[in-house]
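Participant: Here the protein sequences line up with chains A and B, keeping their order. The opening residue of the first sequence carries number 1 in the numbering used here; numbering runs sequentially from there. The opening residue of the second sequence carries number 1 in the numbering used here; numbering runs sequentially from there.
Keep in mind that the hints were calculated from the coordinates and are not lab data. Hints are supplied without guarantee of correctness; some may be wrong.
Any copy, or any two copies together, can satisfy a pair, since identical chains are not distinguished.
In silico EDC-like pairs for lysine to aspartate or glutamate, Cα to Cα no more than 20 Å straight-line [stated by the list, open to error]:
#1 LYS255 <-> GLU559
#2 LYS596 <-> GLU576
#3 LYS26 <-> ASP205
#4 LYS26 <-> GLU284
#5 LYS596 <-> ASP561
Here the structure is a predicted model, which is why all the values come from computation and not from measurement.
Protein chains: 2
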Amino acid sequence: MPRPIRRLLLGHPLPTAAEVHERLTKTRALAVFASDALSSVAYGPEEILLALMIVGTGALHLSVPLGIAIGVLLVIVTTSYYQTIHAYPSGGGAYIVAHENLGRWPGLIAGSALLIDYVLTVAVSIAAGAAAVASALPELVPYKVALCVAAVLLVTWANLRGVRESGAVFALPTYGFIVLFLALIGVGMLRLLTGSLPPAPAPEDPAHILHPASGLTLFIILRAFASGCATLTGVEAISNGIPAFHQPESRNAGKTLIAMSVLLGAMLLGTTVLSQMMHVVPSEHETVISQIARVLFGGGPLYYALQAATALILVLAANTSFAGFPRLSAILARDGFLPRQMSNRGDRLVFANGIFVLAAFAIGLVILFGGQTHRLVPLYAVGVFLSFTLSQAGMVRHWALERGPRWSLKAAVNGLGAGVTGVVLLIVVGTKFVHGAWVVCLLIPATVAVLHTISRHYDDVAQQLSLGDVPPEERAAAAWQGPPKVVVPVSGIHRGTLAALRFARSLSGDVQAVTVAVSPEATAALQSKWAQWGAGVPLVVIESPYRSILEPLVDFLHETDARAPERGLAVVVLPEFVTASWWQHLLHNQTALLLKTLLVYRRRQSGEASRVVINVPFHLER
Amino acid sequence: MPRPIRRLLLGHPLPTAAEVHERLTKTRALAVFASDALSSVAYGPEEILLALMIVGTGALHLSVPLGIAIGVLLVIVTTSYYQTIHAYPSGGGAYIVAHENLGRWPGLIAGSALLIDYVLTVAVSIAAGAAAVASALPELVPYKVALCVAAVLLVTWANLRGVRESGAVFALPTYGFIVLFLALIGVGMLRLLTGSLPPAPAPEDPAHILHPASGLTLFIILRAFASGCATLTGVEAISNGIPAFHQPESRNAGKTLIAMSVLLGAMLLGTTVLSQMMHVVPSEHETVISQIARVLFGGGPLYYALQAATALILVLAANTSFAGFPRLSAILARDGFLPRQMSNRGDRLVFANGIFVLAAFAIGLVILFGGQTHRLVPLYAVGVFLSFTLSQAGMVRHWALERGPRWSLKAAVNGLGAGVTGVVLLIVVGTKFVHGAWVVCLLIPATVAVLHTISRHYDDVAQQLSLGDVPPEERAAAAWQGPPKVVVPVSGIHRGTLAALRFARSLSGDVQAVTVAVSPEATAALQSKWAQWGAGVPLVVIESPYRSILEPLVDFLHETDARAPERGLAVVVLPEFVTASWWQHLLHNQTALLLKTLLVYRRRQSGEASRVVINVPFHLER
């Protein structure tokens, strides 16, 4: 990218020393870390209703007991993570906890589940945010996918610039959402108590009733429960970010976690009760929360403010992944499980590669699923509960190994967490398998395989590079073998050719220029010019009956190799155009690139040794 | 890409000699070239109805006179192209005709309009195909964008493999579509004549009526006409493909053109008359043709066959662009208006780069416009009629220059064509400007500017490379300047380091190894190993207080440059890992890449000369 555009888009490069950690007060930390969890309330309760709806509106009353069950699960998960926070004050993500306590494979499984979850967090949050916007502005419904893609690109751009997890920026949308949402529930409860709660109008396009005849089964209830569990996504976020809290970090983080869970529980239960009491029927084009708010806030500015705050907090939730995914992939890269460049920080001190990868996958998912939250959620819960389970199981082992005071009680608490989230995981997989959970059940082992393969390759390379078994004759070969045979392919004489020739002659006395005769006139012209400009280097003309340029060239190189083989393979010297601006680069150097590609391709076919190809830069000033 | 996967996906590489031209009979040629034009009937007539619908169903009766007007326009355009076909037997696309007869700028404008049109043909055809599928299977409506993207990827893949414009493959869907469509019109006309034509049921989701109060104005009628002109897209396709016909090419191509236009005219008028007589109201989710066919074919297998044939012929129409766009961009690249690699043929003898560019733009458009044909069409007609006008104007000049027999009559015919299509162009721009035509009105000059800038750059380069003004002292400098100063950056000793050292020592006696001290232990270990493996090359240790590796290295290079400046800039020799398979390549060589990037970046900042960086390949076998 050209520097001025780059600057405009990304800002000035930052020195490494600029990397400071902002310490957050509890209020600000809640704003930063709670967006992921709290925003789940925008789609979680709705998923319960949608899952019940397939046997008709008559089953919708079950949403309240299911909401309570999920609330209980929230208490268990919160308690478990409260302990993790105190045991891992420097940050206890599922990968670290599982890797440290359970070993390589559980660590890789947790890491894979997390990577996939980060992608899904972006896709689900952005899709739910677009649904909130489209509920308020129905004319945007057909542009939902474009809206989602634009939102992902926006968040990507902000993160490439390097958004700090800045409390100030996060505070307004998060607290705006909390206040407006609690106000909505408050108004609803007040009118419920005074007996003036109005019913929601039946939607024009209710969600599909699939088999009303078959009636309610335990399977359908379990599936509704599993669907609602999406509300719990993001609860673990605080455990990754403990070092960002003021001292004492763990204490403050623990308190923030509890505050967040209380808020989330209240919102979850409030939404389920109101939707039940107001007889809300889930619709294709309008979210449940929008339906409730439209009635209770009367469709006025408060309603639009809540929809806007919902969309914003969902974008912030997506943004959380843009911090988490690159950070986790940098850790995995440092551990040798992902390509090393995932841990390179760019100009702006961000892990740009991780950001690109995350954005690409999230955009792909959003397009694939037509930007529909409901289709994405079944994929989501699998990874979340798998990493919950592994992380809590890891904690059990952590306490057992540590054997500190009251270790068995602590182990029992995390054991309960592991057990319950494990059962939920089974329920999610069992009931949502055909609805999309199978995708993640395939993706997780595939990702584990990728991580393992990369790690094995790095091990292999370390072995191959090792000097331990270098035989004595190779040590001797490290001695000087005399100047190389140099070949300079030439298609015409110009300043670039002269630069290449000059450099070639500085390397060796054995330089040959070579040209492929495509047209007799051009070859004759080249030969006559060569006398003047060739500086005494012999020019070899090779014929090409089929007008191919590269193949005869490669054959000539092989002939040169065969001559005086003790002096190694012939070296190719080519001019390379260094253009004045970046876009011009796209207009040059294709022959050199093609030759290199062909040489690599030939080598893979024949197993022959690789040859050195030297590009001699020639500057173009405009 | 790994060879086995590449083979599986793309097939075996083809030798250049395999490029043969299949000659097509008229029947087969109609199948190949008519898909673009005939498929337009799937959305063109519907656009007339949609444009009239904004003032309510009362205006829909105007579709018949408008259909007739477009039919007259079709006759004029066909006659004009009939003449082009005879004047340019080797293929007379708008770019060639305009460039040859009207000069550089009109040629560039026509070329830009065509490039944009090819992209829009793909987007519109695929979106209309998805609409045909979603009309028959309404549950796919929310996945329309994903469906479109998948279809574009499928066509891209087929073209990377190298689909021939094979008559056999095209015949079934094209003739299937023609037969089924004519059957539909036949059945409809028969029932119209026997007075038993049933009305179509009112759709559940009619298209929006925007301002029924404002009533019908001339502007709205003109806009409906402009919308319907989308039916004419693709009529020019035959004029690009004349060499594919059996001899006498022009005669056969001319006859095929007339057959195609007669079919298109019949389909267009049949559809407008039937939709009028059956009181079809355009709907959001079901196409007009689907509504007609559902009633007349009774929703049975014939109905599904027609929808499938419609989708297929629309995919074929998109496929036409995948032949046309890469071919045109290769021509533009050869003329120096696009990057040269656009004219490189890949393994399978296709212009792969052109195919990639087309696919990327088409996918972007489809996502941006939510896969809605109706939003894309206003963009489409501008470019089509602009290239019609320029091509016909070019033909007028062609006859005037040629002054063959009856030249003035021929010029008059093309002049009429140019005039009428020019007026239509003005109508399209005037009436559809705010609906999207403005996008293309900006894109065409932007594309012209890009083509012009690229061409100017290539001219600049030719000048800069020219030897005409090389001063005598530089000729002298072409003499040998002695072996270069060589610097080998080292981070550890391994086999790759040894290979780089060995090569460096073969180039010059002046070799220095250099390492950046990041940790004192690692540096001490390196130094002690160096005694054994360094082969007498001095190892320089440079300090880096800020843990940065690249910056101190670059500073060291500058110091080396300053020493004995008459011997030029220091050359950098780095090991490069050549991996056993393609994916492993992504896991290596980042430092080398970063160093090169930094050097280029520094150079652009300071204007200093570029240095040669030599990568010495080291083979990894696993």
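Participant: If a hint holds in the structure, say so; if it doesn't, say that too.
Facilitator: Hint-by-hint comparison with the structure:
Taking the shortest alpha-carbon separations for LYS255 and GLU559, neither the intra-copy value of 76 Å nor the inter-copy value of 56 Å comes in at or below 20 Å. Taking the shortest alpha-carbon separations for LYS596 and GLU576, both the intra-copy value of 13 Å and the inter-copy value of 13 Å come in at or below 20 Å. Proximity of LYS26 and ASP205 under a CA criterion of 20 Å is satisfied in neither setting, with 43 Å inside one chain copy and 51 Å between copies. In the homo-oligomer, the alpha carbons of LYS26 and GLU284 never lie at most 20 Å apart, since the shortest distance is 38 Å inside one protomer and 50 Å across protomers.
In this homomeric assembly, LYS596 and ASP561 come within 20 Å of each other (Cα to Cα) only inside a single copy, at 17 Å, whereas the closest approach across copies is 29 Å.
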